[in-house]
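Enquirer: With chain A fixed as given, assemble chain B onto it according to the hints.
Taken in order, these protein sequences are the chains called A and B. Heads up: the first sequence begins at 0 in numbering that gives the first Met the number 0, then just goes up one per residue. Heads up: the second sequence begins at 0 in numbering that gives the first Met the number 0, then just goes up one per residue.
Treat the hints with care, as some may be off.
To be verified - Pulled from the structure, derived: some chain B residues nowhere near chain A, Cβ distances all over 10 Å:
(1) T47
(2) I79
(3) A102
(4) E105
(5) N193
(6) R206
(7) E257
(8) D265
(9) L302
(10) G319
(11) E320
Unchecked claim - One-sided excerpt, in silico: chain A residues whose CB lies under 10 Å from chain B:
(12) G23
(13) I26
(14) D32
(15) G41
(16) M42
(17) T48
(18) E53
(19) I79
(20) S130
(21) I135
(22) N137
(23) V140
(24) M149
(25) L150
(26) V178
(27) I218
Derived by calculation from the structure, the hints in this document are not laboratory data. Where a beta carbon is used, it is the ideal one built from N, C-alpha and C, also for glycine.
Protein chains: 2
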Amino acid sequence: MKLKDVGEFGLIEKISRGCLIRRGNVIKAIGDDAAAFMTDPGMVTLVTTDLLVERVHFLRNTTTGFNLGYKSLAVNLSDIAAMGGVAREAFVSIAIPDDCPIAFVEEIYDGIKTLAGRVDVNVLGGDTTGSKTDLIINVAVIGEVLKDGMLCRDGAKTGDIIACTGFLGDSRAGLHLIVNGIPADSDSLRYLLNAHILPEPHLKQGRFFSSRPGVHACIDVSDGLSCDLGHIARESKAGARLFAEKMPISRQLRSFCEEFDFDPVDYALSGGEDYTLICTLSSDGADEITGDFMKAFDCPLYLVGEITDSGEMTINGPGGEMRTIAPTGWDHFKI
Amino acid sequence: MKLKDVGEFGLIEKISRGCLIRRGNVIKAIGDDAAAFMTDPGMVTLVTTDLLVERVHFLRNTTTGFNLGYKSLAVNLSDIAAMGGVAREAFVSIAIPDDCPIAFVEEIYDGIKTLAGRVDVNVLGGDTTGSKTDLIINVAVIGEVLKDGMLCRDGAKTGDIIACTGFLGDSRAGLHLIVNGIPADSDSLRYLLNAHILPEPHLKQGRFFSSRPGVHACIDVSDGLSCDLGHIARESKAGARLFAEKMPISRQLRSFCEEFDFDPVDYALSGGEDYTLICTLSSDGADEITGDFMKAFDCPLYLVGEITDSGEMTINGPGGEMRTIAPTGWDHFKI
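With the rest of the complex left out, here is chain A (with noise of 0.2 Å):
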């Protein structure tokens, strides 16, 4: 079925239902000229929005329309997580050409509505309209979080331990995968390409450091760790010593480089998208932060580095050696 068949208010009506996953705040959903809800007093409200264009952000023969729904919310969810906030309510903003099945559309809403549930959010409204050539989807989330636990990219100071919540470049060896055919026939395989395609939001995570004062600086890595990191140490105006031993690697990821001759040391530092978070934490305590988040997580908060005051970012080879590194990371106008 195609959507001219169904018409704008057709699918609207389609795709609305079992968006309102909690209704205590709202006051209303979909249907109105806006969305409407209250926010908890005392809580600072925190928006995200990022937009997929077909073509330069997924190509539609390579997914499903489930996995880009999922996808689309989870690098959302991801912003508000690395604020150290509750992600409250979902806004999706969709433009669909004639030769796209309504099918698909609803597929799409399926991801999103699927993952939406599963982290508590609302899909409160949006926006549906046609394209010429390609499908564009825009998601806002809102959240919110206590004034005093938000995490911003400027609070990193000079002697905190830079902190991961899981392994890097995963879902850069994913991509490899997608765009060069290759298909994934192991569970290795498998492993990193679904990295690259359901990431995993690190919400509760961003939380477990909203609650610890020790945690000075937070960001999610969605361009790369060299890039993203780059972000914290300029706006905390700073320098940033990494070192390549203590990279967070998998060992899907490690026999994948292996096997396609890549140093799994530059995919954990310029490839994106592997939506963990990065914090910086005060020195003195991040024993104690390391020690509580194995317990909360029963996964390690990998230390990959340390936050300097010579305001540039180097790496430290296993020998000692050291390098500087440019913050690369993926540019939508340069690629």
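Expert: Structure of chain B alone, referenced to chain A:
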């Protein structure tokens, strides 16, 4: 200069200048993972979003960047106006094709910032990315309103007077000029063109209605009177009767319709994008509200019909003859 030359972060630096209009409640503007701001206690948060796609909503060679930016914000402000709200923060996502000069993108932001400045709205964030073919703009606006003053589509009551805050059909006439390449070579045609390209969101009128308990329902005219009034009727489980001779038709639209042989009442009924407000007024308070509206805005509040219990929409012609009107208007999948 092209986007490739300045890069994504260079562009963000350029366009984020002058985006912070009102510092009061803002904790983080452009530059972190999410924007952060405080909401006044007891206020309802309103959110609306609109996606504009090249070749569906605009043609790049028939618009200036300024006008495109202005309108992409205006249509969202109009939604906040229709809820009776104060607009507060805007978020702009933009996907830019390679062949779009950076000057055009800066013009878009000039248009946005000019209107934002006029209505005291911050541009607090968004997203910038690439696009293969079409220029894409998604704007989301956050506003607030007192819970008791919120205006919804579902509040109309049988016997209510239907009122409109300005002329209808002018914008469609302006669109006719653009689409048919007719030069706007008189004051009258320029007026119609401007009604289409630089619509004025009726925020103050919405605030006025919000403060009046006698105003029961409200919507803005984006898809056309018959379509938008149809939303009020459907949501309120009511019908509506309009009067052809009471349609607010500008003298410029009358002379345009004479010249090009169109029916001005048809233009008023089904022309979209006027961004006036339609509201329904308690019949016993209508006189006072109309008088106060005239005093406040030096412009009449046009009383165009009444809410009925018929479940359908009709229009009475000048001789008293009645016809049923189907909710027509813009469907983005059916053109």
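Enquirer: Holds or violated: is there a CB of chain B closer than 10 Å to the CB of A:V140?
Expert: 8 Å, holds
Enquirer: Would the least Cβ to Cβ distance between B:N193 and chain A come out above 10 Å?
Expert: 24 Å, holds
Enquirer: With 10 Å as the cut and Cβ atoms as the points, is A:I79 at the interface with chain B?
Expert: 6 Å, holds
Enquirer: A cut-off of 10 Å on Cβ-Cβ distance, and B:T47 was said to be off the interface with chain A. Does that hold?
Expert: Violated, because the least Cβ-Cβ distance between B:T47 and chain A comes to about 4 Å, which does not exceed 10 Å.
Enquirer: Using Cβ atoms only, decide whether A:L150 comes closer than 10 Å to chain B, and label the hint accordingly.
Expert: 8 Å, holds
Enquirer: Closest CB-CB distance from B:R206 to chain A, is it above 10 Å?
Expert: 14 Å, holds
Enquirer: Verify this label for me: B:E320 is non-interface relative to chain A, using a Cβ-Cβ cutoff of 10 Å.
Expert: Non-interface label on B:E320 holds, nearest chain A Cβ at 30 Å vs cutoff 10 Å.
Enquirer: Given A:V178 as an interface hint, is its Cβ closer than 10 Å to any Cβ of chain B?
Expert: Violated, because the Cβ-Cβ distance from A:V178 to chain B comes to roughly 16 Å (cut-off 10 Å).
Enquirer: Tell me if the interface restraint on A:E53 is satisfied: Cβ within less than 10 Å of some Cβ in chain B.
Expert: Since chain B brings a Cβ to about 8 Å from A:E53, closer than 10 Å, the hint holds.
Enquirer: Have a go at the A:G23 hint: is there a Cβ in chain B nearer than 10 Å to its own Cβ?
Expert: 14 Å, violated
Enquirer: Hey, is B:G319 genuinely clear of chain A, shortest beta carbon separation above 10 Å?
Expert: Fine: 32 Å to the nearest Cβ keeps B:G319 off the interface.
Enquirer: Closest CB-CB distance from B:L302 to chain A, is it above 10 Å?
Expert: With a cut-off of 10 Å, B:L302 remains clear of chain A, as the shortest Cβ separation is near 22 Å.
Checked against the numbered hints listed earlier, the structure breaks hints 1, 2, 12, 26; every other hint is satisfied.
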